[in-house]
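Enquirer: One letter stands for each residue in the lines below.
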Amino acid sequence: MARTVTTPRKLINTAFAWAVGLLIFFPILWTILTSFKTEAQAIASPPIFLNFDWTLENYAVVQERSNYMRYLWNSIIIAGGSTLLGVIVAVPAAWAMAFVPSARTKDILLWMLSTKMLPAVGVLYPIYLLFIQLGLLDSRAGLVVVLMLINLPIIVWMLYTYFREIPGDILEAARMDGASLKEEILYILTPMAVPGIASTVLLNFILAWNEAFWTLNLTAVNAAPLTAFIASYSSPEGLFFAKLSAASTMAIAPILILGWFSQKQLVRGLTFGAVK
Amino acid sequence: MGRIVLEKVSKSFGDVEVIPPLDLEINDGEFVVFVGPSGCGKSTLLRLIAGLEDVSGGRILIDGQDATAVPPAKRGLAMVFQSYALYPHMTVRKNIAFPLRMAGLDKAEQDRRVEQAAEVLNLTDYLDRRPGQLSGGQRQRVAIGRAIVREPAAFLFDEPLSNLDAALRVGMRLEISELHNRLETTMIYVTHDQVEAMTMADKIVVLQAGVIEQVGSPLELYRAPRNKFVAGFIGSPRMNFIEGPEAEKHGAHTIGVRPEHIAASPSEGLWKGTVGVSEHLGSDTFFHVHVDGFAEPMTVRAGGEVGLRHGDTIHLTPEEDKIHRFDAAGLRIA
Amino acid sequence: MATQHSRSVARLMMAPAVVLLLGWMLVPLTMTLYFSFKKYLPLRGGDLGWVGFDNYIRFVTSSSFWPSVQATLVIVGGVLAITVVLGVLLALLLDQPMWGQGVVRILVIAPFFVMPTVSALVWKNMFMDPVNGLFAHLWRFFGAEPISWLSEASMPSIVMIVSWQWLPFATLILLTAIQSLDSEQLEAAEMDGAPPLKRFFFIILPHLSRAITIVILIQTIFLLSVFAEIFVTTGGAFGTRTLTYLIYQRVLESQNVGLGSAGGVYAIILANIVAIFLMRIVGKNLDA
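Protein chains in written order, with the numbering used here: chain W, 19 to 294; chain C, 1374 to 1707; chain G, 5 to 292.
Hints are not guaranteed to be accurate.
Said to hold, decoys possible - With a straight-line Cα cutoff of 25 Å, these simulated PhoX-like cross-link-like pairs (lysine-lysine) come out:
1) W:Lys134 <-> W:Lys124
2) C:Lys1695 <-> C:Lys1622
3) G:Lys202 <-> W:Lys28
4) C:Lys1695 <-> C:Lys1576
5) C:Lys1381 <-> C:Lys1467
6) C:Lys1447 <-> C:Lys1467
7) C:Lys1480 <-> W:Lys200
8) C:Lys1467 <-> C:Lys1480
9) C:Lys1381 <-> C:Lys1576
10) C:Lys1467 <-> W:Lys200
11) W:Lys200 <-> C:Lys1447
12) C:Lys1645 <-> C:Lys1695
To be verified - Selected chain G positions facing chain W (in silico; Cβ < 10 Å):
13) Asp133
14) Gly267
15) Gly268
By construction, these hints were calculated from the structure, which means they are not laboratory data.
Just so it is clear, the structure is predicted and the values come from calculations on it, not from any experiment.
The C-beta atom is built at its ideal place from N, Cα and C for all residues, glycine as well.
Work the whole structure out from these sequences, hints included.
Expert: This is the structure:
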């Protein structure tokens, strides 16, 4: 039973929590606000918070300077493609681990997770060479594969933890009822695990979207996603706060919006299925 | 038809042998109950018959065909799980129709059979609900419905009533028994509750540590338990066991007397003792009696309204012809 | 518990994931090992033959090796300490009854959605810029001399940026764990006469230990390879060159693949030491 709390106590909690929440959120808020200022107002001293002349000029300039839509499209393809591919590979593996566990299941799972610890930089050059050999450098297909591989352990792990919550009885009942393995996974397991799969997909989409090592090092022009788009503003000539803010806002907006709309699944997903 | 024969069936998990080789015959139309304390291997045995586990040795014959290597779905058996194992994302209708859909029956035939099963089980009004919206008893009926529509050679029940409250359990017990009378299909029922076993079974299989202790009708088991384990397990309250001089008088290592086979009197009798706890159930009264010279207190059934209280003196007399005798190994002396 | 048949099916079902990851691990790893024993300068002569352990010796004896190990450990340790401590406090705060809990939670999670390149750029320019950054304004407002954060306090600055990104994650996991605590346990402790602080140390904190393990494990995986934040802010200058960044510079900036590969092998060894250590803990906690 939740206990009732006195109103003053709740008021203090609320004030304090909101203050902390806004403090944490402030850098994002400030970036978004600055993106609507003129360059002069952006560096005004003392800083202006709200009473500035709102303008969309920065967005127009950024779009003109670097074709935003192309980067956005690359990000969507790369993050979406790698996540989808990862889930297709991971579902059968997670099924096997969750419902037909053997003595080695845990070892395999931990081994998979440990490949995640392989420092990317340690294998950067080999991958770079392989990409040149296979003609994958600066291609979306190449990045889809790489990001799928680096996120695969996490996808397997998350699906495994979600699948484990599903009683094995139900799958056995389906087997007794005459369902084949394919039917068992398609008609029983997947529908029951939809919330877990949704969380997994969302989280890995975000991880892939924000991945900034391989995307920066394996792309140039054609396949460059939003991480590369924004990195191009890190050079000193990009030091215009308002335009930098506009570009930043454009880079993070899709994920912020997606994240806020699917908050419930995400909160679940963010815990990587590890905590209930 | 549903005649199931187990020949030297055994099961090990790794090095642990949970079921040593055993033989068992289950005749067509029989209601067989596997009963035993938890961990006795009764559920494992059921899962071996279902095909959800591989046997480590021996053969399983269903209607004369060797089914040892046949996958579960192809054995023609239906199973009702302890947790019911309903598909939570499907309506009751879809749950019941699932095995038919898997068997590739046409839609009209599926509907016909589902309606029929729903009627038998009083589920017609709930067909479009989901399992989450049903009570425990209704879920149980859906699980049974899903088994019925397949028209299986035999039904397997794995402790199906253990998640229900006491009142519902009695009701469902009757329903399952009635279902058996109507369908006349073989049923194998696993439970740890000897009351369920006694009330429902044609044939009881008492298991302990993977070994069959005795097979027989409820009354055979009650009247002539083959050993101390069966004697103690079947019957409620438990049989009283007495060792020492009293047993030697009967030429046995241990004698057993059921609480209902002892006459109690405030004034005279064979054994004299003191009343401890008394449980008044209205129809019956159970006294726990500390008999002078016996190691264990005895349980005695008396009539409904016997006015003895804690600390009172009581005299007990067993019915001579209802005394069970056991040797040092716990086996019945005939 | 299952049948022979389902076990063989299970192996088949796991095969694609296992084979892919095995390939992903072994192929580049073998190549890295191969290069690490060569003098290999793609832009200055290419493959110049086998050199034995020269690269390994050169890499560790270089003056930048130990500082880079130190920088790596400081970043990982610093961020872990900050996010776990603040995460626990924040989770306790968010667990209190309040108005608008959902909105506050969104505000707190938001930094996790921001890609590392963006957050590094925003912090570097809009907050830490010694002339126009918000911090500079704040310092001047209080009459202090603005600090050139990324050169004068480079390590704390980077630790702060990375902590900001990972605090939401820690908070959220810990909050979920706190919410799963049976309130009767706390009430029982209260009845037993435990004051709030004792309740925290004897009931809440032990309950959180599994969640804290998970936070540490997952964050360490990601923190060991922090890259974009350094790439964008200091470019490895001012003592912020981590092992990852040092190797990156050897391979891509100085185009010395042999030397960089030897460094890569060291990084892999370091990661494995951490991994073994962590896997022990997690393996123990996985079933709990």
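Enquirer: With reference to the structure, classify each hint as holding or not holding.
Expert: Comparing the hints with the structure gives:
no. : hint                    : in the structure
1   : W:Lys134 <-> W:Lys124   : holds (16 Å)
2   : C:Lys1695 <-> C:Lys1622 : holds (15 Å)
3   : G:Lys202 <-> W:Lys28    : holds (22 Å)
4   : C:Lys1695 <-> C:Lys1576 : holds (23 Å)
5   : C:Lys1381 <-> C:Lys1467 : violated (39 Å)
6   : C:Lys1447 <-> C:Lys1467 : holds (21 Å)
7   : C:Lys1480 <-> W:Lys200  : holds (21 Å)
8   : C:Lys1467 <-> C:Lys1480 : holds (11 Å)
9   : C:Lys1381 <-> C:Lys1576 : holds (20 Å)
10  : C:Lys1467 <-> W:Lys200  : holds (18 Å)
11  : W:Lys200 <-> C:Lys1447  : holds (16 Å)
12  : C:Lys1645 <-> C:Lys1695 : holds (19 Å)
13  : Asp133                  : holds (8 Å)
14  : Gly267                  : holds (8 Å)
15  : Gly268                  : holds (3 Å)
Hint violations for this structure: number 5 only, all remaining hints satisfied.
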